[in-house]
Amino acid sequence: MWAHPFGRAGLLIVAFFGLVALIHPLLMATIWPPRVYHPTVGFDDTISHPSPPSSRHLLGTDPMGRDVLSQLLYGARTSFGIGLLAGIVAALLATIAGLASGYWGGWVDAILMGISDVFVLMPPPVILLIIGLLLDLHWPSLAVMYGVLAGMGVPTIVVRTHVRSVKVRPFVDAARVAGGGGGHIIRYHLLSFILPLSFLFLAFTATGAVLTEAVLSFFGRTQMRLSWGTMIWLTQITFRWSPRGEPWHALLPPVLAIMLFCSAFYMLGRAVEEISEPV
Amino acid sequence: MVPFILRRLVRTLVLLLLYQFLLFLLIQAMPGDFVSTLIGLPSPLRRGLRTFLGLNDPLWKQYLRWLVGFFTGNLGTTFQFPHRPVGKILLELAPRTLFLFLPAALLSFWLGIWLGKYLGSPFRRKGFRVLVEGPLILLGVLSYNSFPIWLAFVLVQIFAIRLRWFPAENILSMNRWSGAPVTANQIITLLFLTVTFCGVSSALLGHLTGRRGARRFWVRPFIWLFPACVALLGWYLSGLAPLALDLLWHLALPLATVVLFSFGEPLLLMRLFMRQQAAEDYVHVARAKGLSLARIRDRHLAPLAIIPLLTRFLIQLPFVLMGSLVVEVAFFWKGLGSLILTAIDFQDIPVIMAILSVVGVLMLVAHGTLDVIHAWLDPRVRDERAIRI
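Chains A and B, in that order, are what the protein sequence lines are. Using my numbering, the first residue of the first sequence is number 1, and each one after it goes up by one. Using my numbering, the first residue of the second sequence is number 1, and each one after it goes up by one.
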């Protein structure tokens with residue numbers, strides 16, 4: 001992983017964001033008084049808002065008077081939550097369903113493939129827009145639902161195809177002749193071939209989930225307390241038509257953060273694909 | 001082969017029914033209905049409207065009514081405007097979405113494949129690797145993972161507000177189109193026809209001039225110029241050229257946005273597949289034969305590297321479609337994207353169901369075709385799936 005340029009870049013950026021997410025509570029506890037720097041309810045009453053970057057607020061403040069840097073650091077936590085949760089749900093679902101369907105075949109296969117064929121047709125953002133009217137989309141529910149929608153589709157089908165190609169190799173027959181049951185063969189003989197693929201879908205789903213959250217928040221359809229998506233939603237209204245792109249200092253950080261964060265997971269996935277070549 | 005296709009058709013139909021049923025349930029599960037989204041309506045009027053729209057009927061009745069309508073070509077009427085059939089709205093807005101989506105999808109894939117061919121070539125020079133390859137890959141990865149609306153904003157800031165080269169919104173300029181003899185949709189259809197004409201006739205011309213002569217004549221690479229000139233002349237003579245140019249002028253920024261954020265993936269994949277192909281023996285044979293490096297790259301490596309990309313193209317299409325719907329909203333491009341957003345807000349069941357069904361049908365047709373082609377090319381995979389990675 002480290003030897004591949006994508007893998008190295010991805011790991012570094014993910015580590016950086018992890019650090020960022022960890023440093024925020026420390027800063028809040030030490031040098032940032034919560035009344036001014038709190039990411040959602042902080043307010044600085046000594047200056048007018050939105051204010052450009054200054055020594056007091058390194059990235060300035062947003063139209064509601066909150067410190068952008070503090071929001072950005074806090075948002076990293078939300079994004080990690082959404083990305084990893086959605087990725088893990090999708091990878092788990094795809095691995096389990098794909099293994100079961102590919103190994104056992106028969107009616108298990110028929111039912112699971114029927115389900116995933118329907119899920120392939122469902123565009124996650126639109127379905128989440130509809131679900132957004134039905135439920136409050138906080139980050140865990142959003143992440144789990146995105147994971148299910150994304151994971152049961154293409155990933156399951158791909159894992160199944162791959163399992164079917166591994167299953168016919170001689171060592172699986174040997175294990176079966178030696179008396180290994182289905183669970184044993186899947187656990188000890190097939191899983192190691194599938195894991196790179198699972199990780200790849202974990203990474204790609206994480207990317208998709210963070211981007212989808214941003215798009216949904218942009219349309220104002222989530223009840224997220226604070227994320228990079230809601231930061232964009234709050235500042236973009238004045239941005240579009242202002243002659244000098246004000247307040248760019250409040251808009252640019254979350255956008256760049258989303259870009260970097262998603263690129264990091266995307267590159268990790270690509271690196272796994274190029275190293276292990278699960279084609 | 002015929003039993004396989006029949007089986008596939010039955011499966012597609014069952015899937016479509018299942019998909020629509022689930023969608024219907026999901027939409028019905030939304031709290032309230034269309035009438036409850038209208039604020040300030042007196043309650044007798046509410047009751048009357050519910051009865052008029054058939055919202056008081058039991059669910060299975062509403063579902064069956066919609067289903068029968070769908071299969072008899074009647075998509076119902078939208079709730080938002082009285083007596084506007086959904087089919088008519090779709091016919092009016094779909095060309096605009098296609099006008100953005102089709103060129104964007106094709107262009108981004110063409111660009112990705114074309115760039116990936118050079119980046120993945122085993123014969124590239126060191127300076128090229130440092131100066132071109134790294135920055136291009138970086139651009140591809142970053143723009144693929146960026147927020148599409150943000151890209152739209154940046155392009156609008158630079159090209160519409162600062163430089164004033166392109167318009168920032170809408171599909172046409174109102175003042176130029178007032179009193180125009182044709183509608184925008186007609187012009188879009190004509191543009192599609194023109195492109196098809198150019199493509200088909202240059203393919204025909206290329207076929208007629210023949211392969212053998214091709215190497216000697218300088219004409220062959222420029223053969224598309226002849227039909228293009230004919231088409232341009234036609235547009236000029238008909239006097240519709242300014243209107244078409246106006247549409248294209250408005251298309252520039254949305255198109256650039258969608259292309260920018262979807263060319264990264266095909267680029268990286270093409271590069272990967274090219275590099276996998278480069279290890280094969282036939283490359284050594286071709287070099288030993290003394291073929292030029294460019295020829296090996298273009299004629300020997302690229303065609304084989306494209307094959308696995310085609311299935312990816314299909315998987316990517318919904319992603320590009322979603323992207324272009326989002327970009328539509330950012331550019332106030334009145335297409336299906338803004339339609340579905342308001343439809344979801346108003347719980348306009350016929351419109352949501354119609355759009356998602358159309359998308360579903362298109363996807364099913366694409367997947368079915370892919371499976372059939374796959375099974376036809378490789379009979380071993382009759383019971384396999386064509387979606388792979």
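Don't take each hint at face value.
Claimed, not checked - Here are some of the chain A residues that sit facing chain B, going by a computed Cβ distance under 10 angstroms:
| no. | residue |
| --- | --- |
| 1 | P53 |
| 2 | S55 |
| 3 | V154 |
| 4 | H184 |
| 5 | L191 |
| 6 | L195 |
| 7 | A264 |
| 8 | F265 |
Since the hints were derived computationally from the structure, they do not count as laboratory data. We treat Cβ as the ideally placed atom computed from N, Cα and C, and that holds for glycine.
Here is how each hint holds up against the structure:
Hint on P53 of chain A is violated. Least Cβ distance to chain B is approximately 19 angstroms, over the 10 angstroms limit. With a least beta-carbon distance of about 28 angstroms to chain B, the hint placing S55 of chain A at the interface is violated under the 10 angstroms criterion. Look at V154 of chain A: its Cβ gets to within about 6 angstroms of chain B, closer than 10 angstroms, so that hint holds up. Because the beta carbon of H184 of chain A sits about 26 angstroms from the nearest beta carbon in chain B, more than 10 angstroms, this interface hint is broken.
Residue-level restraint check for L191 of chain A is violated (minimum Cβ-Cβ distance to chain B is 18 angstroms; threshold 10 angstroms). Hint status for L195 of chain A: violated, given a least beta-carbon distance of 15 angstroms to chain B, over 10 angstroms. Against a cut-off of 10 angstroms between C-beta atoms, the interface hint on A264 of chain A holds, since the closest Cβ of chain B lies about 9 angstroms away. The criterion of a C-beta within 10 angstroms of any C-beta in chain B is met by F265 of chain A, whose closest approach is roughly 8 angstroms, and the hint holds.
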